[in-house]
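Participant: Single-letter residue listing:
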Amino acid sequence: MKKQLIVALTVSVMGWPLMADAHKRWLLPGDFSLSDAEQVSVDFSASNNIFSVDKGMSTEGIEVVDPEGEVHAPINPVQRKRRSIFDVEIDKKGTYRVLSGGKPMYFASYQVPDEEKPRRDRGALQALKAKIPSNASNVSFTESVSLLETYISLGAPSNNFGSTGKGIELVGGDHPNTLYADEPSRFVFHLNGQPAKGLTLEVTPDGSIYRDEEGTVSYTLDDKGAAEVEWSVAGRYFLEVGARVDKSDANDMAKRYGYGLTVEVLKP
Amino acid sequence: MRKLIAAVALTAVASFAQAERITLELVIPEMQGVEYHRPYVAVWISDDSRQIVEHVALWVEQEKWWRDLRSWWRRGGAYAQLPIDGVSGATRKPGTYTLSWEGQLPEGELTLNLEAVREVGGREHVRLALPLDRNGTVKAQGSKELGQIVARITHH
Numbered sequence: 278m279k280k281q282l283i284v285a286l287t288v289s290v291m292g293w294p295l296m297a298d299a300h301k302r303w304l305l306p307g308d309f310s311l312s313d314a315e316q317v318s319v320d321f322s323a324s325n326n327i328f329s330v331d332k333g334m335s336t337e338g339i340e341v342v343d344p345e346g347e348v349h350a351p352i353n354p355v356q357r358k359r360r361s362i363f364d365v366e367i368d369k370k371g372t373y374r375v376l377s378g379g380k381p382m383y384f385a386s387y388q389v390p391d392e393e394k395p396r397r398d399r400g401a402l403q404a405l406k407a408k409i410p411s412n413a414s415n416v417s418f419t420e421s422v423s424l425l426e427t428y429i430s431l432g433a434p435s436n437n438f439g440s441t442g443k444g445i446e447l448v449g450g451d452h453p454n455t456l457y458a459d460e461p462s463r464f465v466f467h468l469n470g471q472p473a474k475g476l477t478l479e480v481t482p483d484g485s486i487y488r489d490e491e492g493t494v495s496y497t498l499d500d501k502g503a504a505e506v507e508w509s510v511a512g513r514y515f516l517e518v519g520a521r522v523d524k525s526d527a528n529d530m531a532k533r534y535g536y537g538l539t540v541e542v543l544k545p
Numbered sequence: 002m003r004k005l006i007a008a009v010a011l012t013a014v015a016s017f018a019q020a021e022r023i024t025l026e027l028v029i030p031e032m033q034g035v036e037y038h039r040p041y042v043a044v045w046i047s048d049d050s051r052q053i054v055e056h057v058a059l060w061v062e063q064e065k066w067w068r069d070l071r072s073w074w075r076r077g078g079a080y081a082q083l084p085i086d087g088v089s090g091a092t093r094k095p096g097t098y099t100l101s102w103e104g105q106l107p108e109g110e111l112t113l114n115l116e117a118v119r120e121v122g123g124r125e126h127v128r129l130a131l132p133l134d135r136n137g138t139v140k141a142q143g144s145k146e147l148g149q150i151v152a153r154i155t156h157h
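First to last, the protein sequences are chains A and B. Position one of the first sequence corresponds to residue 278 (my numbering), numbered consecutively onward. Position one of the second sequence corresponds to residue 2 (my numbering), numbered consecutively onward.
One should not assume that every hint holds.
[Unchecked claim] Dumping the calculated DSS-like pairs for lysine-lysine here, alpha-carbon to alpha-carbon at most 30 Å:
hint : chain 1 : residue 1 : chain 2 : residue 2
1    : B       : Lys65     : A       : Lys369
2    : B       : Lys145    : A       : Lys370
3    : A       : Lys544    : B       : Lys94
[As the list claims (entries may be wrong)] A short list of chain B residues far from chain A (calculated; beta carbon distances all over 10 Å):
hint : residue
4    : Arg39
5    : Gln63
6    : Ser72
7    : Asn114
8    : His157
For the record, the hints were derived by calculation from the structure and aren't laboratory data. Backbone N, C-alpha and C fix where the C-beta goes; we use that ideal spot for every residue, glycine too.
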């Protein structure tokens, strides 16, 4: 059995200028825990300073999964220059999962004779392959599965974790709407349906623009893909996990996995 | 058949012999300020795992703000079905209030919790440990959203 090389990786990776991943991309809902039905406003932006808007992201592919598993489209999504916004109707008791991405995207890199630099492209796999000229060399593909999500509950929270078995997913631990600053919280991740053992979880508190350092704390996921996170203060936090699998005999293409979760930690 | 009924009757009498009564006096302080909203107040009894064992009082208005009673919400309020007879009701204006609660309590360490939060105001959570023998008086003094609190518990 050929071994796969899985490398823990921060999201700010080099070499992929087509993706705004030198920044963090994030969702930020206006409410996380409700006691009455509301329409919740959610921001979607990419930025260096967490939760300070900088570049509005495309609202295509945003999904809202309600407590019964029904999938809804976002309400009135709009992509503006610095931030994108959409609304989510929270009216059923339990937990809603709001997400962007999670589906495979493909990147290609190839060298065309007489051109200085390799060309890069992205899109659906077959469409990408069709665009590559026959005289191209050093052709390589990368599959990328990148998921951003957040959870919003009305009343008592319910289990509404993702379970596609593709990419990095939050599958268990403390419910994201039950986090308090006086207790550590456990998060359990899977990579492609298996415990995300050995990957790195990075946790960044809100407001890095008002600090002299990022404030990111890293945790290594254990055999179960779990980590216990300690909260320094109450507030919003961004949790990220990334991984890269190199091309090998077992894989015809390199794989990149990304995951970002926005949570709220309350003052006890 | 007669023996069985007698046994059941005896058991019923025996279980009520272990009831506790709590008489609680609490003060909602006067506030000087431009915009005053009556506080949302939750009173509950929790066990050593901090979960709600009994709801004692819940003075609330709009459902939208119930979750701002953060400790109550966290420890079981999110799961509560309202209204609760004899427990839930409207918010009250500043003053001294006397409540009484009667029922059976589990053994062990129990805490009487009082939480108050005001719209455009502060939040306070006061805890009083109940005597293990379920007989006695405990007092506490809130510092902002609650005033003097006196709880008398008797066992009968």
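Participant: Check each numbered hint against the structure and report the violated ones by number, ascending.
Facilitator: 2, 5 and 6
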